[in-house]
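Student: Protein chains in written order, with numbering that gives the first Met the number 0: chain W, 0 to 389; chain X, 0 to 165.
Watch out, some of these pointers could steer you wrong.
To be verified - With a straight-line Cα cutoff of 20 angstroms, these simulated EDC-like cross-link-like pairs (lysine to aspartate or glutamate) come out:
id	chain 1	residue 1	chain 2	residue 2
1	W	K349	X	D90
2	X	K115	W	E6
3	W	K316	W	E75
4	W	K316	W	D342
5	W	K72	X	D75
6	X	K14	X	E146
7	W	K268	W	E296
8	W	K316	W	E71
9	X	K115	W	E71
10	X	K115	W	E4
11	W	K72	X	D90
12	W	K200	W	E165
13	X	K14	X	D90
14	W	K55	W	D276
15	W	K200	W	E296
16	W	K349	W	E321
Read the hints as simulated data drawn from the structure, not as lab findings.
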Amino acid sequence: MVTTESEQMAYIAAQAADARVNVEVETDEGMTLNLGPQHPATHGTLRIVAKLDGEKVVAAEPIMGYMHRGYEKLTEVRTYPQVTTLVNRIDWLGSFANEVPFILAAEQLMEVEAPPRAQWIRTVLFELSRIANISLFLGDMAVQVGATTPVFYAFRDREFVLNQIERVTGGRFHPNFDRIGGLKDDLPKGWIEETGTVIGKMRDFCDEMEELVLGNEIFQARTRGIGVIPPEVALSYGLSGANLRGSGVDWDIRRDANVGLVYDEVDWKVWTHPDGDSFSRFWVRLQETREACNILEQLLGGIPAGPIMAKVPRIIKVPAGEAYVATENPLGEMGFYLVSQGDLTPFRVKIRSASFSNMSITPWLLKGVFVPDIISILASLYFILGDIDR
Amino acid sequence: MGLVESGKIPKPLTKLLNMSRRYSMWVYQWGLACCAIEMGAAFASPRYDVMRLGVIPLPASPRQADFLVVSGTVTDKMAPAVRRLWEQMPDPKYVISMGSCANCGGPYWDSYSVTKGVDQIIPVDVYVPGCPPRPEALLEGIVLLQERIMNEDMAERWKGDPIVVE
Numbered sequence: 000m001v002t003t004e005s006e007q008m009a010y011i012a013a014q015a016a017d018a019r020v021n022v023e024v025e026t027d028e029g030m031t032l033n034l035g036p037q038h039p040a041t042h043g044t045l046r047i048v049a050k051l052d053g054e055k056v057v058a059a060e061p062i063m064g065y066m067h068r069g070y071e072k073l074t075e076v077r078t079y080p081q082v083t084t085l086v087n088r089i090d091w092l093g094s095f096a097n098e099v100p101f102i103l104a105a106e107q108l109m110e111v112e113a114p115p116r117a118q119w120i121r122t123v124l125f126e127l128s129r130i131a132n133i134s135l136f137l138g139d140m141a142v143q144v145g146a147t148t149p150v151f152y153a154f155r156d157r158e159f160v161l162n163q164i165e166r167v168t169g170g171r172f173h174p175n176f177d178r179i180g181g182l183k184d185d186l187p188k189g190w191i192e193e194t195g196t197v198i199g200k201m202r203d204f205c206d207e208m209e210e211l212v213l214g215n216e217i218f219q220a221r222t223r224g225i226g227v228i229p230p231e232v233a234l235s236y237g238l239s240g241a242n243l244r245g246s247g248v249d250w251d252i253r254r255d256a257n258v259g260l261v262y263d264e265v266d267w268k269v270w271t272h273p274d275g276d277s278f279s280r281f282w283v284r285l286q287e288t289r290e291a292c293n294i295l296e297q298l299l300g301g302i303p304a305g306p307i308m309a310k311v312p313r314i315i316k317v318p319a320g321e322a323y324v325a326t327e328n329p330l331g332e333m334g335f336y337l338v339s340q341g342d343l344t345p346f347r348v349k350i351r352s353a354s355f356s357n358m359s360i361t362p363w364l365l366k367g368v369f370v371p372d373i374i375s376i377l378a379s380l381y382f383i384l385g386d387i388d389r
Numbered sequence: 000m001g002l003v004e005s006g007k008i009p010k011p012l013t014k015l016l017n018m019s020r021r022y023s024m025w026v027y028q029w030g031l032a033c034c035a036i037e038m039g040a041a042f043a044s045p046r047y048d049v050m051r052l053g054v055i056p057l058p059a060s061p062r063q064a065d066f067l068v069v070s071g072t073v074t075d076k077m078a079p080a081v082r083r084l085w086e087q088m089p090d091p092k093y094v095i096s097m098g099s100c101a102n103c104g105g106p107y108w109d110s111y112s113v114t115k116g117v118d119q120i121i122p123v124d125v126y127v128p129g130c131p132p133r134p135e136a137l138l139e140g141i142v143l144l145q146e147r148i149m150n151e152d153m154a155e156r157w158k159g160d161p162i163v164v165e
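Sequences and hints are given; from them, build the entire structure.
Tutor: Below you can see the structure in the form of structure tokens.
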């Protein structure tokens with residue numbers, strides 16, 4: 000362990016030298032382009048090393064781990080209620096959606112079921128966080144292909160959704176609201192009506208994005224036919240979420256393997272696009288935001304009355320056993336494999352996060368594309384670094 | 000800058016220079032984790048709009064920047080890069096550490112891969128607490144930094160040996 004400042008500096012200098020050597024080793028032939036770890040297009044701290052032949056990418060490799068925070072190990076020393084605080088921060092744009100699969104897995108082991116009202120409110124917050132997450136993507140994707148304005152619209156309209164989440168949970172970003180057996184609190188007075196107005200605003204936002212971005216000629220030229228993923232490749236790399244549906248595979252956990260949430264009660268549609276290019280991934284996400292508005296509208300009309308918390312002991316000890324629960328998060332399939340030995344803390348938690356699998360396709364996908372397309376392809380794959388590295 | 004180096008800078012001139020520096024700052028944003036989105040909301044959203052404080056986000060390179068906002072978890076793998084970009088910034092430079100992770104490790108205080116506090120590798124002027132801090136909190140931090148610049152004695156800051164990077 001380094002202690003003094005000089006030792007610390009020597010350690011850092013050695014690390015930096017190591018990083019430089021890595022790049023030099025890879026430059027034996029052709030040119031090597033190093034993207035990141037700090038680059039606006041990488042949504043944080045992803046590093047892509049691409050070997051170029053002229054403008055063409057011969058090989059590209061993502062280097063992950065700059066945001067590795069050791070969640071799986073940390074969960075082993077946190078009690079079950081404390082784990083939600085941690086897992087909130089995996090996909091930081093749609094935080095509430097991260098808590099749900101973990102809580103559902105713990106509930107499965109404890110054989111507790113949340114009351115219907117809690118399940119409905121969970122689904123409402125789940126879809127709200129989906130909108131909060133994807134709306135930023137819609138603006139950000141346009142930034143990556145060169146249009147600056149849409150991201151301002153995205154930030155503007157996202158605030159309304161965040162305000163609604165904040166009014167229920169008290170947190171803009173990290174709600175920490177889900178409990179084993181239910182929810183922390185009930186909805187505040189007048190919240191349902193206000194959310195109805197916000198849904199209207201988000202619908203307008205989607206229309207605006209469709210006119211501003213999707214119909215734009217430059218946007219189409221930059222994304223159509225670029226970064227095509229055929230369905231069988233998408234499946235073999237374990238893609239999920241809108242990336243998979245953008246390749247024409249009709250698979251959505253909300254409809255096909257729903258656990259604990261009330262998607263069966265509402266009438267909605269899974270959107271797919273046959274092309275599999277960057278454009279189709281954007282299109283699918285845009286339609287999903289609209290569909291989330293539809294789901295929300297139906298859910299808000301039918302939230303049943305009743306308690307929001309089932310009977311659970313004050314000190315939560317989960318019985319020994321194993322459970323895997325996956326939900327369709329904004330980025331794709333997020334699953335928690337929970338092993339308990341009857342303690343206050345989990346024995347082992349394996350997190351299956353969507354972005355890690357979605358990211359693994361980049362060496363295959365970036366081979367043979369042009370340099371500017373790296374950015375638009377990465378943007379359309381839509382990953383979040385906390386979700387990749389955990 | 001002969002006056003500054005001699006340490007005999009008149010007070011009104013100090014005030015004028017400091018005031019000019021205070022309201023014309025480029026910020027280099029080091030977006031790392033959750034806080035990066037709140038920083039994005041503060042810098043790029045019409046609701047918070049950092050430019051009204053005289054701060055311009057998104058410089059082309061750290062060599063143009065006056066201060067750095069480290070927002071989010073600094074991991075041991077990332078730490079050398081943080082240090083390196085900070086070294087590339089020209090003096091006088093300032094650092095705002097945003098969020099619990101950059102301040103002290105935050106929720107990852109016992110993690111094996113997280114640097115517990117960015118102040119272990121670079122000097123920090125303003126700490127903004129929160130997990131993540133609201134955009135308003137970051138704006139407050141920027142205002143505090145501006146006050147600090149305003150009350151700075153430039154001769155004091157410039158004296159001593161220059162930092163040499165090997």
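Student: I'd like to know which numbered hints this structure contradicts. Please list them from smallest to largest.
Tutor: The structure breaks hints 1, 11; every other hint is satisfied.
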